[in-house]
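Student: This is what each chain is made of:
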Amino acid sequence: GQSLEQPSEVTAVEGAIVQINCTYQTSGFYGLSWYQQHDGGAPTFLSYNALDGLEETGRFSSFLSRSDSYGYLLLQELQMKDSASYFCAVLSGNTGKLIFGQGTTLQVKP
Amino acid sequence: GAGVSQSPSNKVTEKGKDVELRCDPISGHTALYWYRQSLGQGLEFLIYFQGNSAPDKSGLPSDRFSAERTGGSVSTLTIQRTQQEDSAVYLCASSTTSDEQYFGPGTRLTVT
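Chains F and X, in that order, give the protein sequences. Take 1204 as the starting number for the first sequence in the working numbering and just add one per residue. Take 1370 as the starting number for the second sequence in the working numbering and just add one per residue.
Be careful, since some hints might not be right.
Between beta-carbon pairs, the in silico distance windows are [what the hints assert, rightly or not]:
#	chain 1	residue 1	chain 2	residue 2	range
1	X	Gly1397	F	Leu1254	25 to 33 Å
2	X	Gly1409	F	Gln1279	21 to 29 Å
3	F	Ser1270	X	Pro1377	42 to 50 Å
4	X	Asp1387	F	Ser1211	15 to 23 Å
5	F	Gln1282	X	Thr1382	36 to 44 Å
6	F	Leu1257	X	Thr1382	26 to 34 Å
I should point out that these hints are in silico values taken from the structure, not numbers from a laboratory. These numbers were taken from a predicted model, which means no experiment stands behind them. Glycine residues also receive a C-beta, built at the ideal position from the N, C-alpha and C atoms.
Just chain X, with the same shape it has in the complex:
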């Protein structure tokens, strides 16, 4: 079946602009996660959704970052007033159980 999909695959934006990243989880997966991965680094947790609510937003690095999920499915991560340090690959994962997460291919964000 279809896996987790993310769009766009690549995004180049100018410093100060807003960006929206989209994640389509596997159908039926109630849990959805956003992570960030800088070059050559591990993944950094950003936010967790269960259904449409976000009980854990502890990883969002600043108030410029926000995320929402609608219909228990699609999620968007919004970064306002982007900065160069926001450049990274943004990965989305979904799951039905907490021990195995299925990751999408990621969105590579470059802020110039």
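One chain only, chain F, in its complex shape:
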């Protein structure tokens, strides 16, 4: 089967750093994506890792280790607006089909 595991909830305070882990088991793997979704909103793209290592985009970074079938999203200098659900998703083929995890709800507290 195909599965992605990520924590269901994470809580952190404003200004802190938080890491959301994702492990995956899929029949095909082209890369790992991260999407953010605010309540009632559309998912928005954050990052994509096709190769091992760290990708940095502003306050957000994403890491991939293909040998460990593992990745994480790192959010720095947390702001209240970062409270949202974060989904890891495996790009399982060259068609763009994404297999999503169940999502991690991040709550940022003052």
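Model the placement of chain X on the given structure of chain F, informed by the hints.
Tutor: Showing chain X alone in chain F's frame:
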């Protein structure tokens, strides 16, 4: 520019009725995807279009579900004889590259 749009934003229907959901992708995006999201869950892939053809329909849950795309643009997802388990948010996404997909606001379908 304009993003992905979907209509209707909300649809309430009675069990057994047919529904049509519409997606207008970003202009020029050749790839189009339909996903389904149940409350508090992740997104479930339904179907992928490249142009007007659908090389991957593997996620359609039953033969009550069908989709088409015309003119390489607008797509409609049709659910026949709706069931209560079909209640979910149906999301459409479009892209030019497979690594970044742009999602629409979704259609919230409620089957009573």
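Student: Tell me, which hint numbers fail for this structure?
Tutor: 4, 6
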